[in-house]
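Q: In case you want the letters, here they are:
There are 2 protein chains.
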Amino acid sequence: MSHLLVIGSVAFDTVETPYGKREFVLGGSANFFSMSSSFFAPVRMVAVVGEDFPQEHLERLAQRGVDLEGLQRTTGKTFHWTGVYYGEDMNQAHTLDTQLNVFEHFTPQLPESYRETKTVLLANIDPELQLKVLEQIKSPRLVACDTMNFWISGKRMALMKVLEHVDLFLLNEKELKDLSGQRSLLSGVHWLRERGPQIIVVKRGEYGAMLFYRDMIFSAPAFPLEDVRDPTGAGDTFAGGLLGYLADVEEINELHLRRAMIAGSVMASFVVEQFSCDRLISLTPDEIQQRFLAFQKLVHFDASHELPLR
Amino acid sequence: MSHLLVIGSVAFDTVETPYGKREFVLGGSANFFSMSSSFFAPVRMVAVVGEDFPQEHLERLAQRGVDLEGLQRTTGKTFHWTGVYYGEDMNQAHTLDTQLNVFEHFTPQLPESYRETKTVLLANIDPELQLKVLEQIKSPRLVACDTMNFWISGKRMALMKVLEHVDLFLLNEKELKDLSGQRSLLSGVHWLRERGPQIIVVKRGEYGAMLFYRDMIFSAPAFPLEDVRDPTGAGDTFAGGLLGYLADVEEINELHLRRAMIAGSVMASFVVEQFSCDRLISLTPDEIQQRFLAFQKLVHFDASHELPLR
Numbered sequence: 184m185s186h187l188l189v190i191g192s193v194a195f196d197t198v199e200t201p202y203g204k205r206e207f208v209l210g211g212s213a214n215f216f217s218m219s220s221s222f223f224a225p226v227r228m229v230a231v232v233g234e235d236f237p238q239e240h241l242e243r244l245a246q247r248g249v250d251l252e253g254l255q256r257t258t259g260k261t262f263h264w265t266g267v268y269y270g271e272d273m274n275q276a277h278t279l280d281t282q283l284n285v286f287e288h289f290t291p292q293l294p295e296s297y298r299e300t301k302t303v304l305l306a307n308i309d310p311e312l313q314l315k316v317l318e319q320i321k322s323p324r325l326v327a328c329d330t331m332n333f334w335i336s337g338k339r340m341a342l343m344k345v346l347e348h349v350d351l352f353l354l355n356e357k358e359l360k361d362l363s364g365q366r367s368l369l370s371g372v373h374w375l376r377e378r379g380p381q382i383i384v385v386k387r388g389e390y391g392a393m394l395f396y397r398d399m400i401f402s403a404p405a406f407p408l409e410d411v412r413d414p415t416g417a418g419d420t421f422a423g424g425l426l427g428y429l430a431d432v433e434e435i436n437e438l439h440l441r442r443a444m445i446a447g448s449v450m451a452s453f454v455v456e457q458f459s460c461d462r463l464i465s466l467t468p469d470e471i472q473q474r475f476l477a478f479q480k481l482v483h484f485d486a487s488h489e490l491p492l493r
Numbered sequence: 184m185s186h187l188l189v190i191g192s193v194a195f196d197t198v199e200t201p202y203g204k205r206e207f208v209l210g211g212s213a214n215f216f217s218m219s220s221s222f223f224a225p226v227r228m229v230a231v232v233g234e235d236f237p238q239e240h241l242e243r244l245a246q247r248g249v250d251l252e253g254l255q256r257t258t259g260k261t262f263h264w265t266g267v268y269y270g271e272d273m274n275q276a277h278t279l280d281t282q283l284n285v286f287e288h289f290t291p292q293l294p295e296s297y298r299e300t301k302t303v304l305l306a307n308i309d310p311e312l313q314l315k316v317l318e319q320i321k322s323p324r325l326v327a328c329d330t331m332n333f334w335i336s337g338k339r340m341a342l343m344k345v346l347e348h349v350d351l352f353l354l355n356e357k358e359l360k361d362l363s364g365q366r367s368l369l370s371g372v373h374w375l376r377e378r379g380p381q382i383i384v385v386k387r388g389e390y391g392a393m394l395f396y397r398d399m400i401f402s403a404p405a406f407p408l409e410d411v412r413d414p415t416g417a418g419d420t421f422a423g424g425l426l427g428y429l430a431d432v433e434e435i436n437e438l439h440l441r442r443a444m445i446a447g448s449v450m451a452s453f454v455v456e457q458f459s460c461d462r463l464i465s466l467t468p469d470e471i472q473q474r475f476l477a478f479q480k481l482v483h484f485d486a487s488h489e490l491p492l493r
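So the protein lines, in turn, are chains A and B.
Start counting the first sequence at 184; every next residue gets the next number (this note's numbering).
Start counting the second sequence at 184; every next residue gets the next number (this note's numbering).
Simulated from the structure, these hints should not be mistaken for lab results.
Keep in mind that a hint or two might mislead.
One copy or two, it doesn't matter: identical chains are merged, so the pair holds either way.
Unchecked claim - Dumping the calculated BS3-like pairs for lysine-lysine here, alpha-carbon to alpha-carbon at most 30 Å:
{"id": "1", "residue 1": "K344", "residue 2": "K315"}
{"id": "2", "residue 1": "K360", "residue 2": "K480"}
{"id": "3", "residue 1": "K344", "residue 2": "K360"}
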């Protein structure tokens with residue numbers, strides 16, 4: 184059983200969507216990622232929380248096989264994000280407030296036991312911190328990286344430096360356009376692959392996600408849901424399924440990348456059903472397997488014989 | 184070999200996209216639909232053109248097996264649409280000018296030979312004209328209908344009356360929201376199915392299309408293209424492949440609806456590669472079959488065994 188390492192945020196979120204408002208609920212990229220990937224592989228978490236963070240949640244993570252040796256607890260308050268999603272576009276979070284708190288002076292320090300982890304996610308944090316983590320890892324097999332527009336515009340050079348060491352890069356369509364300056368998705372992907380990452384995953388919110396690797400393009404739909412209550416953490420939860428699946432495969436190849444994309448899509452389809460990570464807490468392996476099959480029904484068509492053309 | 188009937192527009196389009204501008208090129212819903220569906224089944228066209236319409240193009244349609252007995256040619260000018268697509272959102276046409284011309288006083292009159300057609304597309308025209316056509320058809324097996332926001336807001340009652348007689352309704356996401364007033368795609372689809380059509384196809388532009396039938400949901404991706412030069416007619420071309428495929432199947436069932444959705448997606452993926460219907464003119468059956476297989480590679484994943492969960 185191979186481990187996964189994630190460096191990212193553990194946070195309190197205050198979120199409002201057309202379905203209601205929740206204050207100081209559990210959030211953060213490393214939190215969503217760990218909750219999700221722990222269904223697939225044991226996770227090592229590198230993050231920081233303040234004195235106000237509930238012990239109960241740490242125990243829940245530990246029960247799920249999340250190693251918390253790399254989680255720093257310092258004096259001060261936990262990172263707090265406040266955002267809102269409007270009904271017309273649930274794909275887009277609007278940030279109302281960001282209180283970095285303990286995250287402001289965070290310097291990731293990897294425990295010795297973490298340094299040989301083979302699969303790594305550099306979740307959405309300052310690319311300079313992402314680099315610091317990379318330097319401490321001995322010989323990873325798969326380095327994945329997520330980011331956001333804030334770093335693309337504010338720390339572009341550092342981000343480009345990170346990308347040189349990244350195998351799998353996750354970003355959304357707008358981030359791809361902003362970073363590459365290219366008009367089409369495909370041109371943007373070509374641009375990125377000349378700069379480091381050979382596997383590109385483009386996240387498209389309610390339209391699913393696409394993966395580009397060598398000459399393969401794979402398109403994963405989003406699962407159609409009656410109610411998307413809270414999209415917060417969907418991308419990190421997706422990454423959790425994707426990398427959790429890949430952590431333990433013998434070889435990173437087309438077959439596994441396709442299945443991993445669906446694993447990620449399955450996990451993301453659950454987390455948005457409820458606020459915060461509530462749905463990940465109640466989720467069972469059996470529900471995951473059933474939705475995996477439901478994805479197959481969603482996209483399968485009979486291509487065993489040609490179209491009947493005149 | 185079963186026939187298809189289409190009632191819609193044949194037009195001149197003046198179109199500008201980031202790839203250039205074309206003036207007075209061939210367009211119109213019935214034109215795109217016929218060019219596309221003629222690869223699958225013989226088509227009967229009901230439309231109107233003016234004296235200025237090129238005979239050459241009518242001959243090309245006839246060569247493709249399009250029956251033009253129902254095409255009226257009257258004094259005056261052909262319908263002329265002028266629109267522009269901006270680079271940021273190629274999914275959305277912005278209409279600059281509409282000259283109805285001969286279309287203004289168009290009253291569809293079906294030739295006797297058309298009245299027993301089994302598969303019908305009521306393309307995007309005034310729902311009152313759609314009703315007039317329906318009245319003249321004896322016992323269709325599959326009635327499909329397309330529309331646009333102009334009719335949803337302007338002739339809502341007539342449109343709802345049409346829908347009572349429609350089996351398959353094609354519309355885009357925004358139209359679904361505007362018509363149903365429902366927040367989510369699924370709620371909108373439920374709303375529609377209580378009002379007539381049992382098969383709903385939701386078009387999502389560069390994100391593909393979804394089909395809802397009984398308890399089946401099918402998601403078809405759009406084909407990733409380096410350059411989308413002109414999206415005009417993509418929806419009608421999609422409908423052409425979808426209904427062309429369905430015109431000749433023994434039974435309208437899940438298996439065929441899935442394949443038909445891909446047939447439509449294949450045809451739409453070609454037409455946007457060039458301006459107007461240029462790409463449909465140069466298209467070969469072999470290219471269609473190859474792209475059908477490429478769609479399979481785009482979405483296929485191995486679901487023969489479960490996800491490796493802990």
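Q: Measure nothing new, just compare the shortest in-copy and cross-copy C-alpha distances for K344 and K360 to 30 Å and report within, between, both or neither.
A: within (18 Å within a copy, 44 Å between copies)
Q: At most 30 Å between C-alpha atoms: does K344 with K315 qualify within a copy, between copies, both, or neither?
A: within (12 Å within a copy, 65 Å between copies)
Q: My question is about K360 and K480: at a cut-off of 30 Å on alpha-carbon distance, are they close within one copy, between copies, both, or neither?
A: between (32 Å within a copy, 25 Å between copies)
In this structure, every one of the numbered hints holds.
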